[in-house]
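The opening residue of the sequence shown carries number 1 in full-length UniProt numbering; numbering runs sequentially from there.
Worth flagging that the hints you see were computed from the coordinates, not collected in a lab. Even glycine gets a Cβ: it sits at the ideal position worked out from N, Cα and C. There's no promise every hint is true.
[Said to hold, decoys possible] What follows is a set of in silico ranges between Cβ atoms, one per label pair, in the way DEER data are often shown:
#1 R212 x L119: 20 to 28 Å
#2 R118 x S40: 23 to 31 Å
#3 A43 x L229: 53 to 61 Å
#4 V126 x N183: 48 to 56 Å
#5 R159 x P214: 25 to 33 Å
#6 A254 x R51: 45 to 53 Å
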Amino acid sequence: MPPERRGIGVVFQDYALFPNLSVLENVAFGLRARGIRASSARATALGLLDRVGLGERAHNRPDQLSGGQAQRVALARALAVEPSVLLLDEPLAALDALTRAEVRSDLRRQLAAFPGVRLIVTHDPVDAYALADRVVVLEQGSVAQTGTLDEVTMHPRSRYVADLVGLNLLAGEMRAGVLHLPNGTQVVAADSALSGPAFVAVTPQSVALHRREPEGSARNVWSGTVTDLDRRADRVRVRVTGTVPLVAEITPAALIALDLAVGQTVWISVKATEIIGYPA
Numbered sequence: 001m002p003p004e005r006r007g008i009g010v011v012f013q014d015y016a017l018f019p020n021l022s023v024l025e026n027v028a029f030g031l032r033a034r035g036i037r038a039s040s041a042r043a044t045a046l047g048l049l050d051r052v053g054l055g056e057r058a059h060n061r062p063d064q065l066s067g068g069q070a071q072r073v074a075l076a077r078a079l080a081v082e083p084s085v086l087l088l089d090e091p092l093a094a095l096d097a098l099t100r101a102e103v104r105s106d107l108r109r110q111l112a113a114f115p116g117v118r119l120i121v122t123h124d125p126v127d128a129y130a131l132a133d134r135v136v137v138l139e140q141g142s143v144a145q146t147g148t149l150d151e152v153t154m155h156p157r158s159r160y161v162a163d164l165v166g167l168n169l170l171a172g173e174m175r176a177g178v179l180h181l182p183n184g185t186q187v188v189a190a191d192s193a194l195s196g197p198a199f200v201a202v203t204p205q206s207v208a209l210h211r212r213e214p215e216g217s218a219r220n221v222w223s224g225t226v227t228d229l230d231r232r233a234d235r236v237r238v239r240v241t242g243t244v245p246l247v248a249e250i251t252p253a254a255l256i257a258l259d260l261a262v263g264q265t266v267w268i269s270v271k272a273t274e275i276i277g278y279p280a
């Protein structure tokens with residue numbers, strides 16, 4: 001079957017707009033390739049441009065568009081042929097951070113009205129959260145996990161997937177509410193019903209850091225070494241290795257108060273109620 005008959009619309013990462021054609025001609029291109037009359041193709045293209053808010057840009061060239069506008073033109077071009085499958089290859093990767101947030105919201109609205117199958121390729125978990133219903137996570141060319149957004153983000157089944165969704169993941173044998181790790185360390189969970197091979201997921205926000213061994217009734221307390229400090233806008237991710245390797249997320253103020261640095265020994269604690277266990 002020739003490509004123009006396959007019922008697939010594609011939005012390329014770099015948009016691949018034809019530089020020698022106007023915006024209107026770009027959107028009408030697929031229709032003209034299918035033999036649609038020029039007047040009808042232009043009318044359909046103009047309607048789609050109005051739908052994505054670019055009707056007034058119909059006679060501009062691609063080099064006169066912003067990145068966000070070019071993305072919307074590429075989407076309109078893909079939708080013009082009424083595909084049964086819409087493939088978007090890193091549709092937001094070429095945009096700066098501020099434009100990406102705005103275009104992501106607009107793209108979500110446009111995709112919600114599309115009746116066919118939507119396939120989105122992305123390396124950005126935020127895009128997946130905003131645009132997808134189901135997720136397929138690939139690791140080194142193989143499927144690592146599939147499921148709904150909630151299934152994948154709450155119950156990752158490999159360290160790679162856990163890192164992708166921002167969770168700590170531990171694997172071991174669960175007995176009477178205690179996860180026994182392969183190195184002999186025990187992790188106490190609040191749920192005592194789970195038994196057998198299991199995972200536990202811990203959010204970085206649930207991991208508390210201390211410069212001295214904490215006192216009190218906490219049952220999940222271990223020492224470790226700070227191996228990385230990843231400073232972000234309003235948070236700092238602290239990677240600690242040891243018998244229980246975990247990533248904690250703290251505020252910049254907490255980083256200063258704790259006076260943390262790579263190579264320091266710290267104590268980490270996690271409440272049993274923050275331990276999310278599920279079968280392996």
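Now the hints, each set against the structure:
1. One distance hint, 20 to 28 Å for the beta-carbon pair R212 and L119, is violated here, with the actual separation near 51 Å.
2. Against the hinted window of 23 to 31 Å, the Cβ-Cβ separation of R118 and S40 comes to about 26 Å, which satisfies the hint.
3. The hint said 53 to 61 Å for the Cβ distance between A43 and L229, and at roughly 57 Å that hint holds.
4. At roughly 34 Å, the beta carbons of V126 and N183 sit outside the given window of 48 to 56 Å.
5. The hinted range of 25 to 33 Å is satisfied by R159 and P214, whose Cβ atoms lie roughly 27 Å apart.
6. The hinted range of 45 to 53 Å is satisfied by A254 and R51, whose Cβ atoms lie roughly 47 Å apart.
When the structure is compared with the earlier hints, violations turn up for hints 1, 4 and for no others.
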